Amino acid sequence: MTRFLMRRLAYTLATLLLVSLVSFIIIQAAPGDFAEIYAAKKADAGAVISAAQIAEVRRELGLDQPWYVQYGTWLANAARGDFGQSWTWRRPVGAVIAERLPLTLAIAFATLVFMYVVSIPIGVYSAVRRYSFGDHAASLIGYLGLAIPNFLLALVLMYLSQRYFGQSVGGLFSPQYSLAPWSWEKLQDLLQHLIVPVIVLGTSGTAFLIRAMRAAVLDELDRMYVLSAKASGLSPMQLLLRYPVRIALVPIASTLGWRLTYVISGAPIVGVVLSLPDMGPLFLNSLLNQDMQLAGALIFLYCALTIIGTFLSDVLLVALDPRIRLE
Amino acid sequence: MSMSTDHPHVIDVSNLSISLKNDNNSIAITRDVSFSIGRGEVLALVGESGSGKSVTALALMQLLGGNLSISSGQIVLTAIDGYSADIAKLGRNGRQIEAIRGARMGMIFQEPMSSFSPVHTIGAQIAEVVTVHEDVGRKEARRRSAELLAKVGIPDPVGALDRYPYEFSGGMRQRAMIARALVCGPSLLIADEPTTALDVTIQGQILDLLSKLKDELGMAILFITHDLGIVAQMADRVAIMYAGSIVETGSVREIFRRPSHPYTRALLEAVPRLGDIDERRRINPIAGSMPNLFEPPSGCRFHPRCPVAVHPRCSLERPPTFGSGGRLVECIHGEAELAR
Numbered sequence: 139m140t141r142f143l144m145r146r147l148a149y150t151l152a153t154l155l156l157v158s159l160v161s162f163i164i165i166q167a168a169p170g171d172f173a174e175i176y177a178a179k180k181a182d183a184g185a186v187i188s189a190a191q192i193a194e195v196r197r198e199l200g201l202d203q204p205w206y207v208q209y210g211t212w213l214a215n216a217a218r219g220d221f222g223q224s225w226t227w228r229r230p231v232g233a234v235i236a237e238r239l240p241l242t243l244a245i246a247f248a249t250l251v252f253m254y255v256v257s258i259p260i261g262v263y264s265a266v267r268r269y270s271f272g273d274h275a276a277s278l279i280g281y282l283g284l285a286i287p288n289f290l291l292a293l294v295l296m297y298l299s300q301r302y303f304g305q306s307v308g309g310l311f312s313p314q315y316s317l318a319p320w321s322w323e324k325l326q327d328l329l330q331h332l333i334v335p336v337i338v339l340g341t342s343g344t345a346f347l348i349r350a351m352r353a354a355v356l357d358e359l360d361r362m363y364v365l366s367a368k369a370s371g372l373s374p375m376q377l378l379l380r381y382p383v384r385i386a387l388v389p390i391a392s393t394l395g396w397r398l399t400y401v402i403s404g405a406p407i408v409g410v411v412l413s414l415p416d417m418g419p420l421f422l423n424s425l426l427n428q429d430m431q432l433a434g435a436l437i438f439l440y441c442a443l444t445i446i447g448t449f450l451s452d453v454l455l456v457a458l459d460p461r462i463r464l465e
Numbered sequence: 002m003s004m005s006t007d008h009p010h011v012i013d014v015s016n017l018s019i020s021l022k023n024d025n026n027s028i029a030i031t032r033d034v035s036f037s038i039g040r041g042e043v044l045a046l047v048g049e050s051g052s053g054k055s056v057t058a059l060a061l062m063q064l065l066g067g068n069l070s071i072s073s074g075q076i077v078l079t080a081i082d083g084y085s086a087d088i089a090k091l092g093r094n095g096r097q098i099e100a101i102r103g104a105r106m107g108m109i110f111q112e113p114m115s116s117f118s119p120v121h122t123i124g125a126q127i128a129e130v131v132t133v134h135e136d137v138g139r140k141e142a143r144r145r146s147a148e149l150l151a152k153v154g155i156p157d158p159v160g161a162l163d164r165y166p167y168e169f170s171g172g173m174r175q176r177a178m179i180a181r182a183l184v185c186g187p188s189l190l191i192a193d194e195p196t197t198a199l200d201v202t203i204q205g206q207i208l209d210l211l212s213k214l215k216d217e218l219g220m221a222i223l224f225i226t227h228d229l230g231i232v233a234q235m236a237d238r239v240a241i242m243y244a245g246s247i248v249e250t251g252s253v254r255e256i257f258r259r260p261s262h263p264y265t266r267a268l269l270e271a272v273p274r275l276g277d278i279d280e281r282r283r284i285n286p287i288a289g290s291m292p293n294l295f296e297p298p299s300g301c302r303f304h305p306r307c308p309v310a311v312h313p314r315c316s317l318e319r320p321p322t323f324g325s326g327g328r329l330v331e332c333i334h335g336e337a338e339l340a341r
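Chains as they are written, first to last, in this note's numbering: chain G, 139 to 465; chain E, 2 to 341.
Derived by calculation from the structure, the hints in this document are not laboratory data.
As the structure is a computational prediction, the values presented were derived from the model and not from experiment.
Just so you know, even glycine gets a beta-carbon here, dropped at the ideal spot from N, CA and C.
You may find that some hints are simply not true.
Where chain E lies over chain G, by a calculated footprint (3+ residues, C-beta under 8 Å) [said to hold, decoys possible]:
hint : region
1    : 361 to 375
2    : 380 to 386
3    : 446 to 460
To give an idea of the chain E side of the interface with chain G (calculated C-beta under 7 Å), a few residues [said to hold, decoys possible]:
hint : residue
4    : 84
5    : 110
6    : 112
7    : 116
8    : 130
9    : 133
Given the sequences, and given the hints that come with them, work out the whole structure.
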């Protein structure tokens with residue numbers, strides 16, 4: 139088991155390294171480098187910049203070094219949380235992201251919890267009462283959730299909660315709390331504001347998970363070991379929870395990584411529509427403004443979250459299914 | 002018309018009929034199945050695939066699934082502790098039947114590979130039976146499980162508790178399955194082809210183990226098989242099933258020496274024996290094939306394949322049952338055959 143986890147950890151680190159390289163290439167792929175941008179800005183201000191001065195700036199910043207040296211420097215700095223300067227924000231990229239990372243994680247985590255808490259019981263119900271009214275209803279609602287685009291659902295829910303619940307939607311805090319220090323009321327306010335984004339982000343994933351859970355439980359219900367456990371005197375509920383559901387969780391756990399990817403990649407659009415102060419709008423704007431230091435760092439972070447999620451789902455899988463420890 | 006035995010009965014099945022219900026009609030899968038098994042006795046229920054023997058076994062524990070149900074008859078269990086109930090009257094779910102399953106009746110299945118959950122330890126799956134039925138703690142349940150594992154011949158039983166089914170061989174798994182079925186000391190063990198999936202040497206070991214445990218624990222065994230070699234080795238008495246009915250019952254000696262139903266005779270002739278190879282006697286397969294349960298033949302269900310059928314009588318009416326006690330034959334020639 140330790141060996142399996144060590145190997146997975148090695149894969150995870152290798153993938154992270156690869157992703158960092160891709161992020162670096164994306165940053166470099168934008169036309170011009172920092173020296174040229176610097177020169178252009180100076181020129182706009184009326185200063186005359188010679189080619190020698192540009193070269194001087196390049197040398198100072200290490201931009202004349204071969205790409206792998208630059209990559210090494212960037213990686214070493216990134217490892218310390220220094221992702222360079224964002225020129226739109228005129229602040230270190232690390233600091234800009236750090237403000238928003240906790241909220242991004244809160245949304246992603248809340249969405250995952252919502253998806254699993256809603257879909258696992260519904261999936262089990264659908265499997266046990268196959269072809270019943272409830273099963274069909276769950277499927278219908280699930281498919282609707284899958285079919286409705288996130289941004290549309292976001293707009294509709296915003297309208298509804300504004301109109302009927304009088305709640306200020308958009309953002310993650312009511313105006314009076316947005317600058318207030320953390321307090322119990324502020325946390326409650328945050329949780330209330332999380333409801334809409336979590337529903338929007340989670341709904342389509344929930345549909346998928348309901349179907350997956352239903353299929354997984356159905357697969358297990360007719361297994362020999364279920365009959366043999368029943369012949370041992372377990373009641374239907376004990377039997378269901380202890381065997382088919384428990385075993386059906388194995389394939390569900392293995393998709394946690396994808397689900398996280400899905401939530402994270404869906405987040406920017408929803409974040410923009412609901413004007414959430416998370417990484418989503420930041421990412422979109424950094425791309426629009428060609429703030430490549432910031433964009434690269436965000437891409438790296440998004441990917442890193444996904445990769446870490448996949449690693450966690452592997453850990454969960456090993457805990458759930460002893461057969462995997464054999465490898 | 003249950004048949005008597007020399008021992009106090011553990012189970013008395015009489016006129017058990019099981020039917021398969023479709024949208025608007027119901028098909029009889031078994032009709033009027035009757036047998037009894039006494040303490041310390043092994044009854045072999047023998048028949049081809051599709052004869053209804055496994056369905057009968059499942060019905061005995063109210064484990065019929067889907068559209069199958071008991072349409073009539075009685076299944077009276079009289080456990081060694083004095084508890085008695087007509088299982089046919091209990092529902093498929095509920096406290097009463099759950100208290101019987103695994104505690105007063107145990108069952109082992111054909112596939113030891115798939116009879117255990119792959120993600121729980123052997124120990125957890127055996128100890129669970131104890132905690133479900135008895136008011137004992139985890140430690141005691143574990144101790145009892147290890148004791149049973151030792152009894153079924155698993156080396157290092159305490160260590161085996163924490164191992165997973167995939168770490169066991171097929172034979173070891175079937176031993177563990179037997180331990181699970183017997184951990185609460187049932188009065189009746191139903192063994193549904195427990196050795197079919199095992200190779201021959203392991204088969205012999207499992208059969209020896211079952212015989213030993215039966216003598217030690219005094220339970221009754223309903224042994225379901227299509228293998229007449231196993232019948233000769235294991236059983237005290239035999240019930241031959243064909244197309245949903247028991248056509249002949251008797252002691253092992255009676256069935257093998259003086260088979261009285263034409264189907265039993267055909268079955269015995271279809272089995273190769275060691276001596277036959279030298280004598281070059283040909284194995285006689287039974288002509289024709291098992292009837293389709295959805296359109297069973299009228300009258301005696303064996304008549305289309307029967308070499309001694311009397312036309313048109315056998316195709317018109319169900320044959321009477323002759324004999325008494327533990328020796329019964331359902332055939333128009335039954336009386337003459339039994340007198341022979």
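Inset, instruction - Double-check residue 133 of chain E for me: the hint is only fine if its C-beta lies closer than 7 Å to a C-beta in chain G. - result: With Cβ-Cβ at 5 Å, under 7 Å, it holds.
Legend entry - Restraint satisfaction for residue 84 of chain E [CB to CB of chain G, less than 7 Å]: violated (14 Å)
Legend entry - Hint check: 7 Å Cβ-Cβ cutoff, residue 112 of chain E to chain G: holds (5 Å)
Legend entry - Restraint outcome when residue 110 of chain E is required to lie within 7 Å of chain G by C-beta distance: Because about 6 Å separates residue 110 of chain E from the closest Cβ in chain G, which is inside the 7 Å limit, the hint holds.
Legend entry - Cβ contact check, 8 Å cutoff: the region 380 to 386 of chain G against chain E, three residues minimum: holds (count 4)
Legend entry - Restraint outcome when residue 130 of chain E is required to lie within 7 Å of chain G by C-beta distance: At 5 Å from the nearest chain G Cβ, residue 130 of chain E passes the 7 Å test, so the hint holds.
Inset, instruction - Report holds or violated for the interface hint on residue 116 of chain E, using the least CB-CB distance to chain G and a cut-off of 7 Å. - result: holds (4 Å)
Legend entry - Claimed coverage, the region 446 to 460 of chain G by chain E - three or more beta carbons nearer than 8 Å: It holds, with 3 qualifying residues against the three required.
Inset, instruction - With a C-beta cutoff of 8 Å, work out whether three or more residues of the region 361 to 375 of chain G approach chain E closely enough for the coverage to hold. - result: Since 13 is at least three, the answer is holds.
Checked against the numbered hints above, the structure violates only hint 4.
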